[in-house]
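Visitor: Sequence:
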Amino acid sequence: MRVSNNGRLIGVGTGPGDPDLLTVKAVKALEAADVVAYFAKQGRSGNGRAVVEHLLRPGIVLLPLYYPVTTEIEKDQDGYKTQITAFYDESANAVARHLDAGRTVAILSEGDPLFYGSYMHLHVRLAHRYQTDVIPGITAMSGCWSLAGMPIVQGDDVLSVLPGTMAEVELTRRLGDTQAAVIMKVGRNLPKIRRALDASGRLDQAIYVERGTMQHGAMIRLRERGDDEAPYFSLILVPGWDGRP
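Here our numbering is used: the first residue of the sequence shown is 132, the next is one more, and so on.
For the record, the hints were derived by calculation from the structure and aren't laboratory data.
You may find that some hints are simply not true.
Pairwise CB distance ranges (calculated) [claimed, not checked]:
hint : residue 1 : residue 2 : range
1    : Arg256    : Ser277    : 43 to 51 Å
2    : Ala232    : Asp287    : 47 to 55 Å
3    : Glu221    : Gly374    : 50 to 58 Å
4    : Gln173    : Pro294    : 36 to 44 Å
Ideal Cβ placement from N, Cα and C applies to all residues, glycine included.
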């Protein structure tokens, strides 16, 4: 399909949560945008918008994209897939209407737009049709290991990024086959993740980080934390570099 010359689509990485960790390019994109779109749970403004709130000029058009479901049903259920696919289709259409009117639309994405970000679902629906730029953002994991002062990999170490939603046996296997790991999507999966880390002999190394770089953040050895459900903005770091001095 021919790329339209009307509007311009910009995927903007807002970083791990600290507004000071926005890139200069992200700030410039927000200053140039006619419309700022952001993902959020129904009734909330979303963390991405909170990070850039101080940069939104009066009169800018805000386009909230509210998820129909978040954790109410499991992602493997047919109902979840149907609803979330329809949501991304509708969201892409809403953005396209602004692009067809010749507007520049910045879509906020927490962390990096193309790394576990909701933005990518709109990117694959729209980028082949419109002028598109993607502005990378500092990832949550980078922000967290920097906050912890934790060297994560060195030399020939392998780093694995693992979703905590995967099956316990597979999570255990992958933890045993890597030098360093970042476990994301913790939430209600915390007890399972703890068991997998214990079974792979990595529990003593694991560091739990909650709301890293944000206000009210916390960091503790996972062994010392209880098994109550973790908030959405949390992850677990398992460092490599066994030969560190």
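Visitor: Would you pick out the hints that fail for this structure and give their numbers low to high?
Guide: Hints 1, 4 contradicted; others consistent.
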